[in-house]
Amino acid sequence: MTMLRNIWKDKLAAISLSILAIVLTAGIFAPLFAPHDPNEVNMKLRYAASSWEYLLGNDHLGRCILSRLIYGIRPSVLWVLAALAGSVMLGTAVGFVAGFFRGKVDAALMRVCDVMLSFPGYVMTLAIVGIMGVGLENILAAFILTKWAWFARIIRTSVLQYAESEYVRFAKAAGAGSFHIIRRHIIPVTASDVAVVASSSFGSMILQISGFSFLGLGVQAPTAEWGMMLNEAREVMFSRPELMLAPGLTIIIVVSAINFLSDSLQAALDPKLRTSTSKAAEQTSAVSAKQLLGREVA
Amino acid sequence: MLTASHVHKSYRKGGLFSRESQQVLRDVSFECGRGECLGIIGESGSGKSTLGRLILGIERPDSGSIRFEGQPVEDRKVRQGSLSAVFQDYTSSINPFFTVEEAIMEPLKLQRKDQQYDACKVDVLLHQVGLNPSYRTQYPHELSGGEAQRVCIARAISTEPKCIVLDEAISSLDGSVQMQVLELLKELREIYQMSYIFITHDIQAAAYICDSLIIFREGQIEEKIRIEQLKDVQSAYARKLLQMIIT
Ligand SMILES: Nc1ncnc2c1ncn2[C@@H]1O[C@H](COP(=O)(O)OP(=O)(O)O)[C@@H](O)[C@H]1O
Ligand SMILES: [Mg+2]
Numbered sequence: 001m002t003m004l005r006n007i008w009k010d011k012l013a014a015i016s017l018s019i020l021a022i023v024l025t026a027g028i029f030a031p032l033f034a035p036h037d038p039n040e041v042n043m044k045l046r047y048a049a050s051s052w053e054y055l056l057g058n059d060h061l062g063r064c065i066l067s068r069l070i071y072g073i074r075p076s077v078l079w080v081l082a083a084l085a086g087s088v089m090l091g092t093a094v095g096f097v098a099g100f101f102r103g104k105v106d107a108a109l110m111r112v113c114d115v116m117l118s119f120p121g122y123v124m125t126l127a128i129v130g131i132m133g134v135g136l137e138n139i140l141a142a143f144i145l146t147k148w149a150w151f152a153r154i155i156r157t158s159v160l161q162y163a164e165s166e167y168v169r170f171a172k173a174a175g176a177g178s179f180h181i182i183r184r185h186i187i188p189v190t191a192s193d194v195a196v197v198a199s200s201s202f203g204s205m206i207l208q209i210s211g212f213s214f215l216g217l218g219v220q221a222p223t224a225e226w227g228m229m230l231n232e233a234r235e236v237m238f239s240r241p242e243l244m245l246a247p248g249l250t251i252i253i254v255v256s257a258i259n260f261l262s263d264s265l266q267a268a269l270d271p272k273l274r275t276s277t278s279k280a281a282e283q284t285s286a287v288s289a290k291q292l293l294g295r296e297v298a
Numbered sequence: 001m002l003t004a005s006h007v008h009k010s011y012r013k014g015g016l017f018s019r020e021s022q023q024v025l026r027d028v029s030f031e032c033g034r035g036e037c038l039g040i041i042g043e044s045g046s047g048k049s050t051l052g053r054l055i056l057g058i059e060r061p062d063s064g065s066i067r068f069e070g071q072p073v074e075d076r077k078v079r080q081g082s083l084s085a086v087f088q089d090y091t092s093s094i095n096p097f098f099t100v101e102e103a104i105m106e107p108l109k110l111q112r113k114d115q116q117y118d119a120c121k122v123d124v125l126l127h128q129v130g131l132n133p134s135y136r137t138q139y140p141h142e143l144s145g146g147e148a149q150r151v152c153i154a155r156a157i158s159t160e161p162k163c164i165v166l167d168e169a170i171s172s173l174d175g176s177v178q179m180q181v182l183e184l185l186k187e188l189r190e191i192y193q194m195s196y197i198f199i200t201h202d203i204q205a206a207a208y209i210c211d212s213l214i215i216f217r218e219g220q221i222e223e224k225i226r227i228e229q230l231k232d233v234q235s236a237y238a239r240k241l242l243q244m245i246i247t
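Keeping their order, the protein sequence lines are chains A and B.
Numbering-wise, the first sequence is residues 1 to 298 according to full-length UniProt numbering.
Numbering-wise, the second sequence is residues 1 to 247 according to full-length UniProt numbering.
Extracted from the complex, chain A is given alone in its bound form (with noise of 0.2 Å):
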C-alpha cells in the first residue's frame, strides 16, 4: 500500500501505471474492448483511412487495426509477462539457494549460469527457435530458458548481500530457521531489486518479441501481434507510411511506460520513504499548535 501510495506521487510514475493497467485489461478483455473481429478480412475497406466505424483504419486486407492492435496486446504483452514471470521465478529461487546457502551448491549453479551466460540472448533464441521450429510458444521458451541465468545471478548478488547483514545474524542466533529468515528478511529486501530487474527487461523483452515477429519467427499469421503488424505495413512502407504508425507508438509508448514505472519503482520500494505514523501525527499535531500559537500572537 504504501508503495502504491508512493508511486502515485510521482506524477509520470503514475500516468505510466494507468496506461499498463489499461492495457493489460483491454489485453485480457479483448473481446470486449475491440470494435470488430481482428482477423475479419474487408477487401473493399483495403488501406481506409480512420472512420467512426473503423477508428484507427483498416490494413492490407482490410481488417480493423483497432482490433489488432488490441488483440495483439496477448501475445505482445501478456505472454511475454507470462514469459517474464516464469524465468523471474526460475532465476529468483536459483539466485536465492545459491545466495542464501553458498558454498558447493553456489559454486555449481553459478557455473551452470556462466554457461548460460556466455552465449549472446539473441544467438541462443535464435538457435532455440532454429531446432524447434518458429512459433510464440518456443520464443516464449526460449526467453526463459535465456534469462533466468541473468535474474538468477543478479538477484544472488542482492540475496548475498543482504544475508551478510546484521539483523538476519541475530535472526539466526535467535533460533529463527531458513525458512523464517527468508521469508521475512530476505524476500522482503530483495523484493526491490527483482521488481526493477523484472519491470527493465519487461521492456526489451516486448522489444525482442516484436522483433522476432517482424522476422517472421514468431507470431504466425494471421494472429494478431505488434510486430506482425509493422512487418505487414513494411511492404506499404513508402505509399501508405501511416500503417506503421499505430503499431510503432503502441510499442514505443507501452515500453516507454514500462522504463518510467522501473524507474520509479526503486524508489517506491525503498524503505526509508516509510515514515511512522506516529511522528507524522506528532509533526500535524505540531503544525496545528503552532496556527494555535500563531492565532493568540494575532
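Source of the hints: derived by calculation from the structure; they are not laboratory data.
Treat each hint with caution, since some may be false.
[What the hints assert, rightly or not] Listed below are the simulated EDC-like cross-link pairs for lysine to aspartate or glutamate, each with C-alpha atoms no more than 20 Å apart in a straight line:
(1) A:K272 <-> B:E147
(2) B:K13 <-> A:E242
(3) B:K13 <-> A:D106
(4) A:K272 <-> B:E223
(5) B:K109 <-> B:D89
(6) B:K186 <-> B:E20
(7) A:K272 <-> A:D106
(8) A:K272 <-> B:D89
(9) B:K186 <-> B:E147
(10) B:K162 <-> B:E36
[To be verified] Chain B regions said to be covered by chain A (calculated; three or more residues, Cβ under 8 Å):
(11) 46 to 59
(12) 86 to 96
Since the model is a prediction, treat every value here as computed from it, not as a measurement.
Idealized CB from N, CA, C, for every residue including glycine.
Chain A is fixed; fit chain B with the ligands onto it per the hints.
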C-alpha cells in the same frame, strides 16, 4: 552454563579450488557461569567476532564443541529464548522494513509461535531501555545510533535469555552515549540475572562491566583473569594492553 572446549576454526582463503586456509581460532576453551559477565578482549582481527558467531551457533567450529547447559548451540531449539545477541553495526542491526515493535517482537514470536503476546510487553521493554512507547511505530532509519542500539538491547532481552553475546555493542557509539548504554547493560543484568559475553577491543569498558576477562590474541587465549586481579596479569601482551589505558 556455557562451555567451549578445544574450539578450532579456519577459513578457506582464495577461490574454490584453493587448499590454503587461514586459522582464525586455535584451541579455545573457556567457561561462562550463570550470571557472570565474561569479557573477551583483543585487537581487531584477532578472531573475537568469529568466536562470537560460533557461540551464537551461526557457524560451526571445525573441531571442538560449544555447549549451552550441556547441549550443543548448533541446535537452534537450544538457542531459542536462551541465547541472544547485540552487534556492533546499529545501522544494519534492524531490518529496514520492520518497525521497532516488530523488531522487538521477533525473537518472542520465534520462541512461541502460536501464543499471542500481550501488547504491553513492548512498552515495558522500551521503558526498560529508556525509550518511551511512541518509538513503537518508528522505522530504524528514523532512530539515532544510541536509540537504535537501545532497541537492539530491548530485542535481545525480550525473551529474558540466560546469556547475551555483545559483540562490540558500544564501540560505534559516541563517548557519552557509550557510557549510558554501558550503565543500562549493567542495570539490566541485575534485573534479569543474565550472563554477558562482552566482546570488545576496549579494555576500559570491559573492566567497567565484566567480572572476568579473557585476553585474546591471534585466535588464542593469552590469559584469563578475574577483574580484581587485573593488576597482576602475567603475560607481556596483557601488560602492554593495560599499560595503554593507564598512560
Ligand atoms: N567469513 C569469513 N571468511 C573468511 N575469513 C574470515 C571470515 N570471518 C573472519 N575472517 C577472518 O578472520 C580473522 C578474524 O576476524 P574477526 O573474527 O572479525 O576479528 P575481530 O572481531 O577480532 O576483529 C580476520 O583475519 C578475518 O579476515
Ligand atoms: Mg569484530
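- [ ] Enumerate the violated hints, using their earlier numbering and listing them in ascending order.
- [x] 2, 4, 5, 6, 7
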